[in-house]
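**Student:** Just so you know, the numbering used here puts 568 at position 115 of the sequence shown, and the rest follows in order with no gaps.
No lab work stands behind these hints, which were simulated from the structure alone. Heads up, a few of these hints could be off.
[Said to hold, decoys possible] Below are the DSBU-like pairs computed for lysine-lysine, each with C-alpha atoms no more than 30 Å apart in a straight line:
{"#": "1", "residue 1": "K497", "residue 2": "K538"}
{"#": "2", "residue 1": "K497", "residue 2": "K551"}
{"#": "3", "residue 1": "K551", "residue 2": "K538"}
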Amino acid sequence: MVSSPDAAGKGGDESPSDAPGPGRGFARSSRLTSRVQFLEVYDKGRRVSSSSFVLFGLENHRGECRLGITVTRKVGNAVRRNRIKRVLREIFRSNREKLTPPIDLVVNVRQPSVGADSRALEREFLRTFERLARRMQS
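Using the sequences plus the hints, can you model the full thing?
**Tutor:** What follows is the structure, encoded as C-alpha cells:
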C-alpha cells in the first residue's frame with residue numbers, strides 16, 4: 454500500500470502512536486450530524502445562555518453526550534469560526550466523563566467567545582452545562 458503525506462487521517466497509513474486512544478477521539482457517534490438532529494434539540498430541548506454561547510440540550514438514551522456546534526458568520530471569518538469549533542470540541546472531548554446525564558447538546562456560539570481564553574471557555578461551558586442539567590431535571 455502506497456501512502457502519501459496528504460493521506461494521513463484520510464485512510465492513509467497511520468502509526469499506532471498517532472491513533473487516538475480510548476476516550477481521546479471525537480467519534481462520529483459523539484456528534485450531532487444532521488439537520489434533523491439539531492432541529493429536534495432546538496424544538497424539544499431546554500435552553501441555557503451564557504455570555505459566550507447558548508447551550509441547548511435534550512436528554513438522550515444513548516448513555517453518552519453528543520455535541521453539535523453552530524457558528525454564524527457574525528462571529529468572524531472562517532479561521533475564527535473553525536478555531537472556536539476546535540476549542541469547543543476539545544473542551545467537550547476532555548470533559549466527557551463529567552458530562553452527566555447523557556444529553557444531546559447544541560452550542561450556538563456568540564461573538565464574545567472568539568477572544569476568550571480556552572480555560573475560561575471551559576469553565577463557562579462546564580458551569581452552563583451544569584445549569585442545563587439542573588433545569589432538565591426540574
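**Student:** Failing hints, ascending?
**Tutor:** Structure breaks no hint.
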